[in-house]
Amino acid sequence: MSFETLRVLVPELFGEGVQASLAVSAAGPFDVVVLPADAAFDAGDFDAVLLPQRTGLADLPAHAAATALVVVAEGEDAAPLVEWLRQGAADVIAAQELRSPGFGARLRVAVERRRIEREARQAYATDLATGLPHRQQLVEHMSHLIALRERQPAPMAVLVLRVEGLETITARFGREAANVLRRKLAVRLRAGVRASDVVASLGDDSYAVLLAALLAPGDAAHVGAKLLTVLRAPFQVAGQEALVAAALGIALHLRDGAQPEVLLARACALAAASPAEGRLSGAAANDG
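According to this note's numbering, the residues represented by the sequence shown are 2 to 289, in order.
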């Protein structure tokens with residue numbers, strides 16, 4: 002059985018032994034990169050990263066969560082090793098095992114385990130009706146972006162759009178027709194923002210848009226107004242024209258909060274309190 006090449010980042014401390022072990026492993030091939038002491042690295046460039054037990058979690062970049070982190074134990078105290086596993090390490094291995102014949106297979110299993118976990122999280126975090134990320138995945142995106150903004154300051158914002166009219170569509174045409182409309186709403190919202198921005202589902206009648214980088218804080222309001230305009234155009238659902246109205250809430254990073262949940266709650270509250278703009282289909286029509 003042949004395997005794909007795995008890129009493995011190894012600290013200089015373990016470099017020689019790991020290179021020798023993986024070079025002859027039946028679970029290869031492996032592309033081993035030895036990292037000099039105290040050198041910076043981008044974990045996203047590797048399938049697996051070996052870390053000394055003394056490495057602090059705070060020293061890792063946020064996107065290291067997508068990489069198989071294998072911690073090399075430096076003692077017999079189990080407590081810190083268990084904590085590493087709780088924090089997301091794919092495996093914990095004793096230093097003497099790095100030279101063992103089975104190390105390559107164990108490393109490959111750790112990488113595959115991490116991939117399976119990541120795929121499961123993505124499936125769980127996706128709204129099946131729209132294909133958009135759920136709230137949980139949005140919060141993760143926001144956490145990573147906020148960490149980046151600490152190093153690379155730039156205005157960012159989260160928008161929440163509360164859509165009215167979906168209940169009317171459900172009553173007239175059924176749940177599946179309403180889901181079709183939700184998908185079409187998602188398509189329009191994604192088309193109205195940049196590829197670097199994130200559109201997420203917050204439930205049956207609300208969407209969030211994470212604006213990753215703005216030239217100025219006021220740009221968030223311009224984007225929000227554009228999205229409200231985009232949603233005013235009629236949709237075709239079940240062979241009929243459908244109209245929705247939407248209310249907008251905007252929360253700016255730092256001005257309205259510094260944590261994802263705080264920002265999201267602020268934007269949701271503003272959307273809930275704001276009047277919806279647009280026209281509604283059928284009996285719920287509103288010309289205001």
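What the hints contain is simulated information worked out from the structure, not anything from laboratory work. Mixed in with the good hints, there may be bad ones.
[Claimed, not checked] Across the chosen pairs, the derived CB separations fall in these ranges: (1) ARG195 <-> GLU5: 26 to 34 angstroms; (2) VAL188 <-> GLU98: 26 to 34 angstroms; (3) ALA172 <-> ALA79: 26 to 34 angstroms; (4) ARG189 <-> ALA96: 53 to 61 angstroms; (5) ARG195 <-> ASP46: 22 to 30 angstroms.
Quick reminder that beta carbons are idealized off the backbone N, C-alpha and C, glycines included.
Each hint, compared with the structure:
1. ARG195 <-> GLU5: 26 to 34 angstroms: holds (32 angstroms)
2. VAL188 <-> GLU98: 26 to 34 angstroms: Roughly 50 angstroms apart at Cβ, these two residues miss the hinted range, so it is violated.
3. ALA172 <-> ALA79: 26 to 34 angstroms: violated (58 angstroms)
4. ARG189 <-> ALA96: 53 to 61 angstroms: Given about 55 angstroms between the Cβ atoms, the range holds.
5. ARG195 <-> ASP46: 22 to 30 angstroms: Taking Cβ atoms as reference, ARG195 and ASP46 lie about 24 angstroms apart, which means the hint holds.
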